[in-house]
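Going down the list, the protein sequences come from chains A and B.
Start counting the first sequence at 1; every next residue gets the next number (the working numbering).
Start counting the second sequence at 1; every next residue gets the next number (the working numbering).
Be careful, since some hints might not be right.
Computed list of lysine-lysine pairs in DSS-like fashion (alpha-carbon distance at most 27 Å, straight line) [as the list claims (entries may be wrong)]:
1) Lys118/A to Lys30/B
2) Lys84/A to Lys30/B
3) Lys118/A to Lys133/A
4) Lys32/A to Lys4/B
5) Lys138/A to Lys30/B
6) Lys15/B to Lys70/B
7) Lys8/B to Lys30/A
If you're looking for bench data, these hints aren't it; they were derived computationally from the structure.
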Amino acid sequence: MERRKFLGFGIFAAAAAFIPANLSAEDYRKTKPDAWTAHTVEDAIAKLYGTNKTIEQGVTLTAPDVAANGGAVPVDFSSEIAAKSVAVFQNANPESAVCVFTLNENSVIDYSIKMKMKQSGTITIVVEGRDGKLYSAKKAINVALGGCEG
Amino acid sequence: MEIKAKLKDGIVSVKAMAKHPMLTYDVAKKQGVEANFITHINASVNNKVVLDMSTSQFLSKNPIFKFSFKGAAVGDTITMTWVDLSGATETTDSVIK
Chain A
1 MERRKFLGFG IFAAAAAFIP ANLSAEDYRK TKPDAWTAHT VEDAIAKLYG
51 TNKTIEQGVT LTAPDVAANG GAVPVDFSSE IAAKSVAVFQ NANPESAVCV
101 FTLNENSVID YSIKMKMKQS GTITIVVEGR DGKLYSAKKA INVALGGCEG
Chain B
1 MEIKAKLKDG IVSVKAMAKH PMLTYDVAKK QGVEANFITH INASVNNKVV
51 LDMSTSQFLS KNPIFKFSFK GAAVGDTITM TWVDLSGATE TTDSVIK
């Protein structure tokens with residue numbers, strides 16, 4: 001508990017040093033801590049966005065059908081939707097949230113990440129539209145060799 | 001951090017790799033050490049935020065990622081910073097080509 005508090009100050013100080021106060025820089029790990037400990041995708045989405053109802057369109061998700069190495073699964077996603085944030089979830093690991101991108105007027109939703117998957121599962125990308133709706137895309141991936149290194 | 005930023009048709013595409021073990025809670029427990037992984041990465045150009053990413057233990061070790069943004073020019077400097085669970089941080093600059 002103490003370490004976490006100290007961490008909070010540390011991160012705040014670092015953020016203040018590098019990002020002027022009038023810029024948006026959201027650390028979802030601090031503002032929505034429950035989203036990161038949620039064990040299911042539906043739960044994580046609800047904890048992050050308040051609801052887990054999504055419209056399955058408008059988001060392009062590219063990932064391999066079979067991932068040889070679960071330690072580095074390439075996941076690419078893009079969207080033309082005017083959005084506030086984009087979040088990546090999966091149901092292959094102990095916790096579901098992978099990362100969240102906060103967007104602004106210069107953002108282009110076109111990301112590529114490499115993530116770990118402990119076993120085969122489904123990746124879900126959620127785009128938080130400026131219209132207040134959530135859009136999503138899902139892809140099931142077969143993982144040949146589990147990637148949480150244990 | 002290694003950063004490659006290129007401008008094409010008004011959009012800057014960045015490929016970046018951070019050097020970090022991204023040690024998950026499970027693996028750390030088995031090794032008897034503290035988990036440590038990057039929790040936040042951001043990037044800015046000309047004092048404008050162009051990447052704002054909250055992350056977890058589930059990005060790969062030495063995470064590679066790509067992102068894009070508008071509103072910058074060749075010759076601008078992109079500054080990227082990551083912060084990890086232990087409070088450590090690293091900042092790297094690169095010039096957009």
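Problem set entry | Restraint status (C-alpha distance of Lys84/A to Lys30/B at most 27 Å) | violated, 38 Å
Exercise. Taking 27 Å as the top limit, are the C-alpha atoms of Lys15/B and Lys70/B close enough?
Worked result: OK: Lys15/B and Lys70/B at ~15 Å, within 27 Å.
Exercise. Given the proposed pairing of Lys32/A with Lys4/B, does the C-alpha separation stay at or below 27 Å?
Worked result: violated, 31 Å
Exercise. Holds or violated: are the alpha carbons of Lys8/B and Lys30/A at most 27 Å from each other?
Worked result: Given that 27 Å is the threshold and the Cα spacing comes to 35 Å, the pair is violated.
Exercise. When you check the alpha-carbon spacing of Lys138/A and Lys30/B, does it fall within 27 Å?
Worked result: Since the Cα atoms of Lys138/A and Lys30/B sit roughly 32 Å apart, the hinted pair is violated (cutoff 27 Å).
Problem set entry | Distance restraint between Lys118/A and Lys133/A, which requires alpha-carbon spacing of 27 Å or less | Not satisfied, since the Cα-Cα distance of roughly 30 Å exceeds 27 Å.
Problem set entry | Lys118/A paired with Lys30/B [C-alpha distance capped at 27 Å] | Holds: Lys118/A and Lys30/B sit about 15 Å apart, inside 27 Å.
Going down the numbered hints, you'll see the structure goes against 2, 3, 4, 5, 7, while the others check out.
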